[in-house]
Structures are given as structure tokens and as C-alpha cells.
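Sequence lines, in order, name chains D, S and P. Each residue of the first sequence is one higher than the last, beginning at 1 in the working numbering. Each residue of the second sequence is one higher than the last, beginning at 1 in the working numbering. Each residue of the third sequence is one higher than the last, beginning at 1 in the working numbering.
The hints are simulated quantities; they were obtained by calculation from the structure and are not laboratory data. Remember, predicted model here, so these are calculated numbers, not experimental data. Please note that the accuracy of each hint is not assured.
Said to hold, decoys possible - SDA-like mimics (lysine to any residue), calculated; alpha carbons at most 20 Å apart, straight line:
{"hint": "1", "chain 1": "D", "residue 1": "Lys145", "chain 2": "S", "residue 2": "Ser202"}
{"hint": "2", "chain 1": "S", "residue 1": "Lys248", "chain 2": "P", "residue 2": "Tyr16"}
{"hint": "3", "chain 1": "S", "residue 1": "Lys19", "chain 2": "P", "residue 2": "His134"}
{"hint": "4", "chain 1": "P", "residue 1": "Lys131", "chain 2": "S", "residue 2": "Thr89"}
{"hint": "5", "chain 1": "P", "residue 1": "Lys140", "chain 2": "S", "residue 2": "Thr89"}
{"hint": "6", "chain 1": "D", "residue 1": "Lys73", "chain 2": "D", "residue 2": "Ser109"}
{"hint": "7", "chain 1": "S", "residue 1": "Lys102", "chain 2": "D", "residue 2": "Leu12"}
{"hint": "8", "chain 1": "S", "residue 1": "Lys247", "chain 2": "P", "residue 2": "Asn18"}
{"hint": "9", "chain 1": "S", "residue 1": "Lys102", "chain 2": "P", "residue 2": "Glu109"}
{"hint": "10", "chain 1": "S", "residue 1": "Lys5", "chain 2": "P", "residue 2": "Glu109"}
{"hint": "11", "chain 1": "D", "residue 1": "Lys2", "chain 2": "P", "residue 2": "Arg57"}
{"hint": "12", "chain 1": "S", "residue 1": "Lys102", "chain 2": "P", "residue 2": "Ala68"}
{"hint": "13", "chain 1": "S", "residue 1": "Lys189", "chain 2": "D", "residue 2": "Pro180"}
{"hint": "14", "chain 1": "S", "residue 1": "Lys138", "chain 2": "D", "residue 2": "Asn61"}
{"hint": "15", "chain 1": "S", "residue 1": "Lys102", "chain 2": "D", "residue 2": "Gly11"}
{"hint": "16", "chain 1": "D", "residue 1": "Lys59", "chain 2": "D", "residue 2": "Asp273"}
Stated by the list, open to error - Residues of chain D clear of chain S, computed beta-carbon distances all greater than 12 Å:
{"hint": "17", "residue": "Asn67"}
{"hint": "18", "residue": "Asn69"}
{"hint": "19", "residue": "Gly80"}
{"hint": "20", "residue": "Gly83"}
{"hint": "21", "residue": "Thr164"}
Don't be surprised by glycine CBs; every beta carbon is placed ideally from N, CA and C.
Read off the chains here:
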Amino acid sequence: MKKKLAMVGAGLTIGSALLVTSAFADIGGAGGGYEAYKTAVKTTTAASNATQHYVLSVKDNGQELLNVNGTLKESKAARGVSGNAEIATGAASEQLEFYHQDGTTIFKSGSSDTYNVATETDESNRAEGHDWGPEDPAVQQGLEKLVDALVGNLKNNVNLSGGTGGAQAVDMTLKGSQIPATFNVIGSLVVKEALNAENLHQDSGMKDTGVVGIDLSRLDAKLPRLTQDVNIDEVSLHAEIDANHFIVHQIVELAVTGKDEAGAAHRLTVSADIDTWDVNATTPDTVDLAGKKTNKIEADKLQD
Amino acid sequence: MELLKRTTVNELAKLYARKKTIWLLAVALILPFAGLPAVRQLQDGLGVAGVASDQYAVTILNVMTLFVLPLLIFMTASDMVSGEIGDKTIRSVLSRPVNRSKIYAAKLFALFVHTAGLLLLVFVASEAAAFMLPDAGKAAGGLAETAVAYAASALPLFVLCTAAAWVALGFKNASGALTVCILLYAAAKGLALVFPDYMVFSPVTYMNWHQLWLGGSLPAGRLFAIFSLLLGCGMVFYTTGYYVFDKKEV
Amino acid sequence: MSEAAVLDIQGLTKRYRNNRGVSEVTLQVNRGDVYGFFGPNGAGKSTVMKIAAGLVRADRGSVRLFGADVAEDYERAMRRVGVLIEKAEAFEYMSAYKNLELAARLYPELPRTRIDEVLELTGLSASKREKVGHFSLGMKQRLGIASALIGRPELLILDEPTNGLDIEATVDLRELIGRLASEERITFFLSSHLISEMESICNRIGIIQEGRIIREGSLTSLKQASGQSLESYYISQIRSERGGETNGTAQADDRQ
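So that you can see chain D by itself, here it is in the shape it has in the complex (with noise of 0.2 Å):
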């Protein structure tokens, strides 16, 4: 009988003493990585302005298609954004300025003098049109729900480093399998569609795009047409976190494998790179169009 209860004894302590060595572990923070996550989302999309510089690339197999560099500063309290691109397209490459102060958007081309400018009439819609995330807490709350819902499980993939001084880290990498199927179905077939886009392969239609002043047509990225066994087969997350929950610095990553219609095999890679900085100290930098070359575009045009 003593033997019996000893046994008993023993398994319930070693088992409940497993059961706190796992909350120890860390289980309850199973969706940590995830949490601070989403809170640092919430945070940084919360500052009034920042500063960013991001390069954005697509590789074909390996041989990078297009590659977009440059810097952003953005403030809402201003409604300001003023910023720099490169775009480059294998050899051809393009230089790039942006502003949008006082309701004007204004780009200027890295080959030319002109500021081409745009005055949004409804300005004050649009800005109101950006912010589709209503602002009504209880409907947050329940966005978040859902979202956490279909997270579901994948929280466990979500890894958080410990950093110096209250800085964290978040890694996600999912590979293969572990992308949810409906997922991967329903991304492989938004890719397909975009990438037989028709406008992106007619290079006609990108002649007349004088209307910002850049010519596009040279920037022709040649991305494949993929037709058969798309597949969404790599997603990644890396996010540095500051101690005040901004995301400093970010890389996305998404590979998509697929056969174009000539049976070649493709693995398309597209990538984000963001660093921000400069939080709620950012003003956007601004252009004094007087005495300058500029030219008037119509507004509704930059909507296409």
C-alpha cells in the first residue's frame, strides 16, 4: 500500500513539477514573440512620424530582377511625407524624389530639373481614406481577436530574443509545410494573378507614364510568368524591437517557386528591408518650388 502511494506520489510530483518547469520555460510567453510583436506594430503605426529607409528587392533564381532603395520620412501631425528612391532594374537604374506638403504631391525625377506636381482637390478625403482602421476601440479589440484566432498556432514559431537594455527581437520563419495550406492557396493565387497582370508585361502601357515625370518603360523588371505549381514556399519575419516598442528595424521575406509556361523552374524572392529611426523627431523635409521648373499633373491620374 505505502509502495502504491509512493508511486502516486511521485509521478503527481514529478509530472506537476514538469508542468512548472514549462510555465518557467517560458510556455505562457508561447505567442510572447508574437506579442511583442503586435504591440510593437501598434506602437510604431501610433508615432506621428519617423524616418525610414528601406530597400525593397526581387530576385528571379538568385538574379535580382528589381531592387528599390531609399529613404522616407513621414509625418501625420504634418501630413507630411518627403522622400528618395533608386530603382533599379538590373542595369537600368532611376533616381527618384518624393514630397507631399501643403496638399501637393510633388516627384521629381533624378535625370531632370522638372518638379512635376500634383494638387489633390480632395485631399482631406483620401487622408481620412488611409486610415481604414476605424478608430472605435471595441472594433480594434475584436480585429485583434481574429486576427490572434487565425494566428492560432503559428505563434509558436514566432521566436523572441532578449536584446541589451530592454531591446527584443522577433524571428518567424515558416517554411513549407508549416504555411497554413489556405494560405499558401489563396497567396500562391494572388502571386499568379499579379504576375500575369497584364499591364505588367505590356510595355505600352507603361510608355505614357510621363505623368510623373519618370520613365518607367526602361525600369521594365521581366518578372516570370508563372503558370504552373506556384507555391508559396518560405515566409520571414525578422523585427528588431527598442526598449520603447518601435520597431527599429525589420526584414520581410517571401519565396515563391513556380514553373513558367515553359516548364522553367522559378524561385522568386521578394524582400523587405526597413530601418526606422527618428521617431517622433522627424520632420519631412520640404521643397521651395519658387523659381523652379514645374509642371502640372492632374491628380486623378496618379490614382490609376
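Following the hints, complete the assembly by docking chains S and P onto the known chain D.
Chains S and P alone, transformed into the frame defined by chain D:
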């Protein structure tokens, strides 16, 4: 040890003497092939891989661990425990020179062996099915990783075995135990959606922890935490279950 | 406590929630005995036997089988004991042979031929491949005996072994018990609510009523003391204990 082994063999012998078990094994063998038409439709009709052939087996495992295997475990545990208590055949098991600790252990070992067998069957069947997909060329890729995922998925299923036996101890008929097992499982799954924060300590949350074993970079801390939780739950279910079983008057 | 007692029950008390049960039951079964444990339905015979076989736990008291305590050292206590409680419960989806195979597997030193031996002994050889689900009640009961016999027991605990059997099967069973007792030197502890069925093969008798042993002794001593047939003696004892609450007809009904 010898007696424990023999008692386990007995439990398995009873299990596989049932026609029902054989039918369910056949279902587990056929199910992985049932997903083929849907995937073929995606690949031929829409041109997206959807489920690439090297990922097919894991996708099947995702579905199996969510619903099919738990159900099979519940059925087996209900028959093995509640069924025998109900029709009093448990007496012919208990009134032998074998301690109840061994009998309870044997019942769970038999459940584990059966579950592992089911996993192996599903693994073989879904890999075979993967080779029937149009992109079968790469079906062999990731075979080792898939095998690891299948092996890993055994742990939460084993914990589910201990939980199912625990529940079944309270019933005198297999169908009652089965119903309650299913309801409890569904409730635990549902609660995890509503209160994700509170359900981190629910073993049911980790039915698909095998996904964490995929993709090369193993999140060691998370794996350790979940492993401890699952093992801890299993031990608590097992010991309390044994305690109840030992006190059981039949 | 006798040295020769293969079954030694001391002060056994067990109370169920419905307030039925047994209290302070003490009895010994010695090697070579065919101990008849008699009493009306619900008197507590099965409770004592279930506790003796380790299926039910006593509130107080102890049961020793071959010197080993059932609650403490079950495996040693049960090594030389075969049990049949109430109704033989076999796995109906398996054949008689498979059922016995399950039982035989739990006695590691047993030769496989033992299964056919007990089938032969109980007259089931012809139906050994049949599923037990198709068995008649009598066949199931014989299978229960075969299953109890499988481990070459020195003590058989049989609770109401003739329950549900027709007269012919009852006689067969009685003969089998007699043969096992004399030829195989097996000790029996068997219960029945029908004393007439078993009287002829018993050498010791205990009578239990409402959870208490009211008479115990050798068959001859009880007979001599009463000067009448054992059945009449049994009924008179039970009636006197009940204080004349019941009558003979009620007792006769119990036989059905």
C-alpha cells in the same frame, strides 16, 4: 517486466481481435489518399501547388492530429477502459496474479503502440499518395523532416491517450465515454480560440506541435517548454488515472 | 489462524453506500476443503468473494491467500488462485481458445498445451474456435471454469457457479468440482444460494445472512447438531435470524 509485457500483448490482442479496429485501420490507411483529388484539382486547374508533394504528408498529419487520430484514440480508450468495466470483462483481467499498476500501464502502452502504429500507417500511406501527385519528382524531398514531424506528433497524442483513459475510467459504457471525450476535446479546442491566453497550459493546444520541428531552425526553448508541459500533463493524467483505477471496485 | 489455511479471512467489514455489505466476517478455508458458502441472495456472499479476489477493497479486516495479503501483495496472493465471480465474463468477439490464451499468457511458466487441457476438462474442445458470443449460458459458465483453472490453481474461488445453469449442467458442474477436488487436489471456496445443489460435495459450510456469518462448521457437525437435512437446517436458521419475517414461499421464489 515480463508480466507487464504479457499484459500489454493481451491488450493488443483484444484490440486487434475486434473487427472495428481493423476497419478503422483501413480508414486511416485510405484517408491520406482521399486528399489527392482536391490537390490535383488545385494543381491542374488553378496552377498553384497548394500542397506540394513534399509537403503532402505533413499536411495530412495536420488534419489527422487535429481530428481523426484523437477520435480513434478516444474510441480505443473507451472500449479498453469503459467497455470492459461496463460488461465486467475487466474482472477476468483483474483477477489474475498481475498488479493493477501493471494492468493500467499495459492498457496505456497498448494505446501508445496502437497510436504509433496508426501514425506509421498514415505516414506510409501519405508518402505513397504524395508520389501520385503531378509534381511527384520532389516527393522524396523532406522525407526525413516529415518522419521527424510524424515522430514528434506522437507525444501530444500519447498525452491524449492518458487523458482519454482518465475520462473513460468514470464511465461504464464505451459510447458514453466516447461522447464525453469528444465533447471535452472540442470544448478545449474551442476555448483555445476564445481565450488563447489561458489555454497555453492546455495540452490540446499543442496537438500540432510537430510543425515546430519543421523548417530547420528548431526553437529549442519553445520545444522544451511544450515538451515539459505535455510530459507533465501526461504524468499527472497517468498517475491520477492509476490511482482511480486501483481504487475501482468491479 | 490455522497453518493449513489457504484462505484466511479475518474481521472483514465492507459497507456499500446503500448500507448493504458485510461485517466482521471471519472464516478459513483449509487445504483440501470444499467450502460451501451459503446464504440468501444479497446476504453478502459475492462481496466476501470479490474482496477475497481483490476486486473490491475492504473497509476493515484482511484476506490472506496462501499467506499473502490480497491488498498488499496481490501477485503472490493470486498466483495459485483461480476465480469465477457471478457470471463468467469472456470477450465475446474472441473464440474460446483465444480467451483462454489471454488468461494463459499471464502465467509465464505455463505450457501452451494447458489451454487444450482445460478445454478438454470442461468439455469445450469441440467449440474452441467458436466466438464466445455464440455460446449458450452453460458453455460460457464452463469456459469461466476453464479460465479459472488455466493457471493450475490450488484454490478455486467460485461465486454462484451454477447460476443460470439448467439441472443437467448443474449436475455436470458438480461432478467436475468433485473430480477436481479428489483428483487434482484443488481446494474450493464456492458460494450458492441453493444449498441443496452443493451440499453433497462440500465438507465445510458457512452460512451468511445480512452480512454476518451465522453458522460455520464441518458438514457432519452441523448435520449432527441439527439432526435434520442441511436444507431444512439452513432454512430454519435463516428464518430464526429474520425473526419470522419471511415464510417458506418467499425462500422458494429465490430459487428461480
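Checked against the structure, which of the hints given earlier come out wrong?
-> Per hint list: zero violations.
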